[in-house]
Amino acid sequence: MMRALKVLKAGSYVSVQDLGRSGWLRSGVSQGGVMDARALEEGRLLVGNERGLAVLEMLGLGGSYEAIGSPLTLALTGASFLAKVEGKTIEPLTSFTLQPGQVLETGSAKSGNYGTLSIAGGIDVKPVLGSRSTHIRAGFGGFEGRLLQEGDVLPIGESADRIGALSLVLEKRQLSAKIRIIWGVQASLFDADELQRFVDTKFEITHEIDRMGARLATDAAPIHSDKGLVAISGAIALGDIQVTGGGRPVVLLADRQPTGGYPRIGTIIAADLSNFVQRRAGASVQFYPVSEEEAIEAYGQMHADLAALPQQLVKGFGDPYDSHRLLSQNLISGAVGSVQNASDKDRFS
Amino acid sequence: MFVSKTKGPVLELNGFLKMQPLEAYEHPRLIMVGEALLIVEFGARLSPDINDIVIAFDHFLQDNPLRGLLESAPMNKSVALRFDPLQVPPRQFRDSVMELVAAFDAATSVAGMKTRRWHFPVYYGGDTGPDLARIADQASMSEQEIITAHHSLVQRVFMIGFAPGFLYTGMLPEMFKLPRLPEIKPRVLAGSVSVAIGQTVISSTPNPTGWHVIGTTPFRNFDPDRDPPFLIGAGDEIAFYAIDQEQYKDLRQTAHKGVEEMAREEAV
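In the order they appear, the protein sequences are chains Z and U.
Quick note: the first sequence, position 236, residue 236 per this note's numbering, numbers continuous.
Quick note: the second sequence, position 86, residue 86 per this note's numbering, numbers continuous.
Bound-form chain U, shown alone (with noise of 0.2 Å):
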């Protein structure tokens, strides 16, 4: 049995992303998209801190359902509620919203989230990650230099979007710092990770992609002959490994018992 439920160390390492400053807005900033979508937003820019806030938020929905509410869903720096103009008119939910903010209370929300952890393989770099050469060649670093650098810092979760189960991961060091690609990839496989922005990006489904595809995973987060068929969620921490392409092949053949051989998860 792999899954561990033990209460683990937190990585020193961590620390590093909770040290941003807090860019949170004071007061949250709600934002209608047609008639029939309302985005609360926390901050103006991608941050571990801003993020925490949209995940407790989308908690505190959770426990306090709002009339007219179909579902939510924490974004990188916002929640997206999806809800019903017919039911609960526009200007109505909003103001039932902003009840809802001000009895929200962030920081002690954040203080009281549990996070999950998951050990994430990779299979960096060869015919599935044929621009990890290129990003080392731009850092005038090794492969395994780079590769190392991948997975020496705990990520996390910020959001799940684009396409179904596709993760989007952050914060990576300096060097991943790299612009998205002048020209698409039309196609990359399900199990893709790419990295751009300082962030890395995982598929679980084929997708085109304007990413940097480094690696594949034998995991998938999104099987939906898989009960349940998500697996990651927002706000959970990734602790990637290297696997070689024979560890690939076996646990890419496994895959259907489960997640046990795969991504490990323990709570911390």
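Chain Z on its own, in the form it takes in the complex (with noise of 0.2 Å):
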């Protein structure tokens, strides 16, 4: 029987993603994929599969879905659900098996914006030019291009049987409102006056936000241009913070237009992308120029944690009816030290 996920209910924003797609940029597609590089690696781990595979993102509500044909392993990653099977909490950074007929039932996010439902062996939809992800503008790749609704069913990879669930111990992810930007060659457009009005600005956070941006908006007056705000258009970077007419900044993420005439202030550096995206709406950001030097440094330090994330994973703990052993007060308040002792002997290699 076909390995499946049943989609009972779905968050009016869910849809199919991986790593993206790379060498379009030429004919006008930009790379999309998750919006949370970290979450989709920390999911990986803890189901076991290779790099590349899909998972479901789910912006701010998740939904009800159904194990068909085989039980499945699943983990959630990124911001926190409430999560249920069978009335049971399920723990987030927690693999845990979901028996044919049950039911996986996900509300609404507690904190963060992208949760990342991860599956063992990964939503097998067929690649379309060379991705799974799901283009949801343009209409293409992940299941039929669209977002997720009532009926679908989503197939599953073959993936080799697990021994006994995991968990990732982790430091809680600190979603700081300290944004760490470069400067865009565009920002020469703005008076010097006005360049520092945008860093000493804290922005909020508006309800738009989508794959494509983040709208931010402030009470105070618009980050004005009298150079006009007129070029001719170039490729965005992921990233870029855009400023229009209205002094409005938009931060394009990851199905952003892959190219535009707007004039970009700056760019948000790669390795505080993941912290940006998962900053709610209504939360307060504020920018922080840095060099070239620190960017990449960050970048470096980045990659360097999720190398270090097979270290951070322990057996156990996965079994949904098991939920209450969970580190979960660990895991939820963020304390780390009491975790690190209990889980020295399961530390998983």
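Just so you know, the hints here were simulated from the structure itself, not pulled from any lab data.
Please read these numbers as outputs of a predicted model, since none were measured by experiment.
Careful: at least some of the hints might be erroneous.
Unchecked claim - Simulated restraints on C-beta separations:
#1 Z/A220 x U/S142: 43 to 53 Å
#2 Z/G107 x U/E174: 56 to 66 Å
#3 Z/E294 x U/P208: 52 to 62 Å
#4 U/D63 x Z/L82: 46 to 56 Å
#5 U/T115 x Z/G130: 22 to 32 Å
#6 U/K177 x Z/Y288: 38 to 48 Å
#7 U/E246 x Z/G23: 36 to 46 Å
#8 U/T254 x Z/P310: 35 to 45 Å
#9 U/K177 x Z/V199: 47 to 57 Å
#10 Z/A307 x U/L70: 15 to 25 Å
#11 U/A107 x Z/A307: 39 to 49 Å
#12 U/D63 x Z/P127: 23 to 33 Å
#13 Z/G157 x U/L70: 22 to 32 Å
#14 Z/R197 x U/L70: 27 to 37 Å
For each residue, glycine too, the CB sits at the ideal point set by N, CA and C.
Join the two chains, each given in its own frame, into one complex according to the hints.
Encoded structure:
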């Protein structure tokens, strides 16, 4: 029988995503892929997948998902969702098994925006332009090129059976309001006073957030340019901060348009993107310019942190019926020291 | 078979495009965007000469792969290079690009480029070209005169951007040098043919637009179910021709069979 995950109920912005597609910028296609690369890697390790397989990405609200045909090993990472199987709480950062007929119910995100549901074997939809990521606006890739809805049945790839569950014992992610940027070449369209005001301003994340971008607001006067906000269209980088005529910045994200003509004042450094995309509506952000060298050092550190994740995997605690045994209070409160002691003997390597 | 690989005559009108003064920089500007995107800019404004150099340099890059380069893309007046800054730090990557630029002979490379020409059907006006009448009014011309003016000059594809397969072509005669619309249209159909600032843009997917929509084409430059999914590239030429609503419907129905019956391609 087919191995699948059936959508009984979907949040309003749930899609199939993977690492995204490379090599199509010349054809007008930006990379796409998961919003939170760190969450993808955590989930991959927890369910034992190879790199590059597809997951479900859920913005704000999860949904209900039933295992079909075979037990499925799952893990929730990224935004922290309220999740239950048959009334028992499922903790984030822990793999668990969903038996055929069992339903995972995920509610609203308690913290963060984008949650990732990883499944052993990955979501086995046909790659388009080298990726299983859904390009929502253009309507291709992923599952029928669209957001998921009730009744969809997602084919799941084969995977080796796991013995027991795994948890990741991590320091709670600090979602800092301080977001580092590199100034853009078009920053020269703005006066020095306005650039200073840009970094002095606490912006608020608005409700206009999706895979294409995040609009920011401020009570202060709009960031202003006398030099006219017109430029000939050119390539847009992930994390570019665009300032339109209204002076309200928009941060351009995974499914951004690949080219554009509005000036971009700066770019969020790669190491701070996972942090930025998880800042919720109403949260503040303040931009902090850094040098290229500092950005690269932070990016290198991010990769080193990801490479060290396997050492933080511990066996056990993944069965939903055992979930009260999970290091839950520690994982959720973010206290780390005691967890390390409790889990050293179970350290998975 | 509508595809002709024979060498056709270059239209006299193409000379119009070539007559604009060369305004390329003496040395291209290297511009970083964030820590992983390098823009190599060859001139300050939109011109076919500068765009020729852009496309030639993009070819040159493909023949001389750079360590750390993930992908390159020709734009209006620049080539965008996405690279892995952990494999090759930005400073080092810029140095290797500078070396490549020094070895690049723009004039010879441009002279050696082959051009493809696509014969590109457009159903002008009607419900799917709602802004044609206004443009005619503003220019004190008939709709037919505007249509003729639009397809009278062979156009070049400057770049593909904004959305999958979305074509930026130019340059058009004076009456098409219109400002963009004050209000964005939230959604125009796939296949929309729109004009502003002396250029035509053609969509393959539904999009918001601030351009004046004058027609629609049955042709899709991007079709994820077709192999290859993209057909037209930067530097190709486009010769628009007018079709009526019936022809539009017929061609749209055969769209899945391929492009032979629509945008005919020939080497020029």
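Structure versus earlier hints - violations, ascending order
3, 8 and 9
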